[in-house]
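Trainee: Here's the letter readout for the chains.
Protein chains: 2
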Amino acid sequence: MKVEDLRNTAWRFNERLRYIAKRGEVLEEEYEPIVREIIKRVKEEGDKAITYYTEKFDGVKLTPDTMEVPYEELENAYNEIEEDVRSALEIAYERIRRFHELQREKAFFMEESGTLLGMKVVPLERVGVYVPGGKAAYPSTVLMNVVPALVAGVEEIIMVSPKPNKYTLAAAFISGVSRVYQIGGAQAIAGLAYGTEMIPKVDKIVGPGNIYVAIAKKLLFGVVDIDMIAGPSEILIISDGSCEPSWIATDLLSQAEHDEMAGAFMITTDEKHALRVKEELERLMEDFPRKEIAKKSIERFGTIFLVEDMFKACEVANYIAPEHLEVLTEDPFSLLPYIKHAGAIFLGRYSTEALGDYILGPNHTLPTGGTARFFSPLGVYDFIKRSSVLFVSKEGFERLAEPTESIAKAEGLFAHFTSVRIRRET
Amino acid sequence: MKVEDLRNTAWRFNERLRYIAKRGEVLEEEYEPIVREIIKRVKEEGDKAITYYTEKFDGVKLTPDTMEVPYEELENAYNEIEEDVRSALEIAYERIRRFHELQREKAFFMEESGTLLGMKVVPLERVGVYVPGGKAAYPSTVLMNVVPALVAGVEEIIMVSPKPNKYTLAAAFISGVSRVYQIGGAQAIAGLAYGTEMIPKVDKIVGPGNIYVAIAKKLLFGVVDIDMIAGPSEILIISDGSCEPSWIATDLLSQAEHDEMAGAFMITTDEKHALRVKEELERLMEDFPRKEIAKKSIERFGTIFLVEDMFKACEVANYIAPEHLEVLTEDPFSLLPYIKHAGAIFLGRYSTEALGDYILGPNHTLPTGGTARFFSPLGVYDFIKRSSVLFVSKEGFERLAEPTESIAKAEGLFAHFTSVRIRRET
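Just so you know, the sequences run in chain order A and B. As numbered in my numbering, residues 40 to 465 make up the first sequence, in order. As numbered in my numbering, residues 40 to 465 make up the second sequence, in order.
Treat the hints as calculated values from the structure; they're not laboratory data. Be a bit skeptical, because a hint or two may be false.
Which copy? The list can't say, so a pair holds if one copy fits it or any two copies do.
Simulated crosslink set (DMTMM-like; lysine to aspartate or glutamate; CA at most 25 Å straight-line) [what the hints assert, rightly or not]:
#, residue 1, residue 2
1, K61, E83
2, K311, D97
3, K334, D86
4, K311, E338
Construct the entire structure; sequences and hints are all you get.
Mentor: This is the structure in C-alpha cells:
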C-alpha cells in the first residue's frame with residue numbers, strides 16, 4: 040500500500056493518480072481477431088459453433104439439446120443450498136425489487152396549439168444476462184442483473200452461464216429467469232445477439248464477463264444493445280480518521296480480493312490514521328484465503344492519498360470517479376453535494392460495501408475505471424426504450440407549415456419542403 | 040418501388056422483408072484499421088495529428104489556433120442568414136426546449152428499517168456534438184443534439200463540424216453552444232475523446248456522421264459514452280388509403296432524398312391505393328433536385344407491402360422497427376397500443392415527418408435500421424448520469440449483517456464476510 044502526499048501539490052499531475060486513472064486501458068486489439076472469428080462462426084453455424092467452442096474453452100461436451108439447463112435443475116439447486124443462504128437470497132431479491140420499483144419510467148404527453156406530443160415507454164421484449172461461471176459464479180450477479188429487467192416488464196430473460204454452480208442456479212430460480220443456458224464466453228454472447236436454432240435472439244445483453252465477453256459485447260453493440268463497458272473495479276474511501284482502521288482495511292480488502300486489477304484507495308487528511316490503516320491492511324491480508332489476489336492488487340494499485348481538507352478529498356474522488364465510494368466521516372451527508380462522480384456512494388461507518396453488494400437494494404452493477412463520469416448503475420431504465428409520439432391537427436399544421444418550409448429550404452431538402460407544401464395546396 | 044404481397048403468407052420469411060431488415064449491416068472491418076490509426080495518432084500527437092488529417096481529408100489548412108471558430112463568426116452567421124430561416128430556427132429551438140423539459144430525470148430516496156437508499160442525478164460535465172459538414176450540414180442537427188444537453192444542465196457543449204456553413208453556425212449561436220471547432224471525421228471524435236492542447240476532453244459524444252465517425256465512436260465507447268450506433272435511416276408508412284397518394288409519395292421521398300441507403304416503405308391493405316402511391320412517387324421524383332439519390336434508394340429498398348388487415352400491418356411494422364413510422368389512417372390513435380418498435384410515431388395525415396424533423400419538439404435523432412427495438416430517441420436522459428446513495432444506521436446494519444454474511448460465504452469472498460463480521464464484533 041503506497042502513501043502518496045498530495046498536500047500542497049498540483050495533484051492533477053501526480054503520477055500515481057494518473058497511473059491509477061489509466062489502469063483500465065485495455066489492449067483490445069490483441070484479443071479482437073479471435074473474438075471476431077468466434078462471432079463469425081456462431082453467426083454462420085449457430086449451435087454447432089457454440090458447442091464447438093464450449094468444448095474447446097470450457098472443456099464441456101454439450102449438444103444443442105443439452106445447452107439449456109432444465110427447469111427442475113434450478114428448483115433442485117434452490118432446495119439443495121444451505122437454508123441461511125436461500126433465505127438471504129430471498130431477502131436480497133425482495134429488497135432489490137422494492138428499490139428498483141422506484142426507477143420505473145413514465146410516459147408523458149403535452150398538448151400545445153394543435154399538436155399533441157409525447158413519449159411512450161415500452162419494456163424490451165427479450166434480454167440476455169451473462170453470469171460468469173465456475174468458481175467466481177456469484178448468485179448476487181444473477182439477482183442484480185435480472186431484477187431490474189423483471190421490474191421493467193421484460194417478457195423473457197435468458198441467462199447464460201458456463202458451468203453454473205448451485206448458488207447461481209438457485210438465484211436464477213428465485214429471480215424467475217425464463218431460461219438458463221450453460222454456455223459462456225464470446226460464443227454465448229454471439230448466440231444471444233444473433234439467435235440460433237436453440238437460443239432466441241435477444242434485444243440487449245447485460246452482465247459482467249472476462250475480456251472475451253467484454254470485447255464480444257462491444258463488437259456486437261448495435262446488433263443488440265449492451266449495458267456498459269466494464270473495466271477493473273475499485274473502491275475509494277474518504278476517511279477523516281473517525282472510523283476504526285481495521286474496518287476500513289477490510290473494506291479495502293473486499294475490493295482487492297476480487298481481482299488483481301482491482302483498485303483499493305483511500306483519501307484522508309490524517310497522516311497517522313493513514314499509516315494505521317496501512318498496517319491493519321497488511322496484517323489482516325495475511326490470513327485471507329484470497330491473499331494472493333489481494334496482495335497483487337494492493338501492491339500494484341493500492342494507495343492512500345493525503346490531502347489537506349475534505350473539499351480536496353472530494354476533488355480527488357471526482358477525478359478518480361470510483362465505482363464504490365465510501366465516505367467514512369463523522370458527517371458524511373455534508374459531503375454529498377460535492378461528490379459528482381461515483382457509481383455508488385456509501386455514507387457512514389456502517390454502510391460497508393458488502394451490504395450494498397448483496398442486500399441493500401441498489402444495484403451492484405456499477406460503472407468502473409472512471410466511467411462513473413458518464414455511466415450509471417444498472418437500472419430499470421436500462422430495460423425500457425422510448426418512442427416519440429407526434430400528432431398534428433390541421434390547425435397545428437397551418438401554424439407550423441411555414442417555418443418548416445423555411446428550414447427545409449435552408450437545408451436544401453426539396454422533398455421535405457414539398458411534403459409540407461403539398462398539404463397546404465390541396 | 041417494389042410491391043410485395045404478404046397476404047396469406049408466412050411473412051416473416053419474406054425475402055424482401057429480410058433483405059430490408061439486414062440492409063443496416065456494415066462491413067466495419069474494412070474501415071477499422073484506418074480509423075484505429077487516426078485515433079492512435081490523435082491520442083499521441085494531439086492537435087498536430089488533427090490538423091494533419093483535416094488537410095488530408097477535408098483539404099483545409101488549419102493550425103491549432105485556427106481550429107476553433109471565433110464567437111463573432113457565430114454571431115455574424117446568425118445575422119447573415121435569411122430572416123425567415125432565422126425566425127424558424129428560433130421557433131424550433133423554443134419548441135424543442137419545451138418538449139425536452141418534460142424529460143428531466145428526478146433523484147429519489149426511500150427510507151426503510153434503518154436504511155436510507157436513493158439515487159442522485161447529475162448532468163454530464165462536458166459533451167461533444169458532432170455535426171456533419173459541407174453540403175449536408177444541417178442546422179436542425181445542431182438544435183436537436185444541443186438542446187437536450189442544455190436542458191439536462193451540461194455545463195460545456197463542444198460542437199465539431201468540418202467546413203460548417205452559415206446555417207449550422209447560426210444554429211450553434213441560437214442554441215448556445217460553448218465552443219465550435221471546424222474539424223470533422225474520426226480525428227475530431229478522437230480529439231474530443233482524449234482531449235488535446237486546444238480541445239477539452241468530453242464525457243460523451245453525440246451526433247450523426249459518416250462511416251469513419253461511426254466507427255471512431257464505437258471504438259472509443261468506454262473512453263467516453265456515445266449516443267447510439269446509427270445506421271441508414273428509414274420511413275415506414277401504414278396507410279388505409281384515406282390519405283392522398285401524392286402526400287404519401289412526398290413523405291416517402293423525403294426519406295429517400297437523404298441517402299442512397301435510406302429506406303422508404305409503406306404497408307397497406309388496399310392494392311389500388313398501393314399502385315397509385317407508386318405512380319405518384321415515380322412521377323414526383325423526376326422533378327426533384329436530389330432525384331439521383333432518391334432513385335437509388337427507391338430502387339434498392341423502396342417497397343410497398345400488402346397485408347390483409349391493420350393488425351398485421353402493425354406486426355410487420357414492429358418487425359421492421361422503423362426510425363420513422365407514419366400512421367396515415369382514419370383513426371391512427373387506435374393503432375398506437377399495437378406499435379411496439381419505432382423511433383417516432385407520427386399520427387394522422389397532417390403529421391408529416393418533415394414537421395418532426397424540424398419544428399414540433401421531439402428529437403429527430405432516432406434509432407435507425409431496426410435498433411428501435413432497444414434504442415430510444417436522443418433525450419435529456421442521455422446527458423445525465425446517476426449515482427446510488429446508501430446509508431445504513433447501526434440498527435439497519437444489525438438487521439442485515441447476518442444475511443450479508445451468508446451470501447459472502449456462499450460466494451467464497453472472505454474479506455466481504457470479514458468487513459461485516461468485524462463491525463459486529465467491535
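Trainee: For every hint, state whether the structure bears it out.
Mentor: The hints, checked one at a time:
In the homo-oligomer, the alpha carbons of K61 and E83 lie at most 25 Å apart only across protomers (15 Å), although the nearest pairing inside one protomer, at 37 Å, exceeds that limit. In the homo-oligomer, the alpha carbons of K311 and D97 never lie at most 25 Å apart, since the shortest distance is 49 Å inside one protomer and 59 Å across protomers. In the homo-oligomer, the alpha carbons of K334 and D86 never lie at most 25 Å apart, since the shortest distance is 41 Å inside one protomer and 41 Å across protomers. Proximity of K311 and E338 under a CA criterion of 25 Å is satisfied intra-copy only: 20 Å inside one chain copy versus 76 Å between copies.
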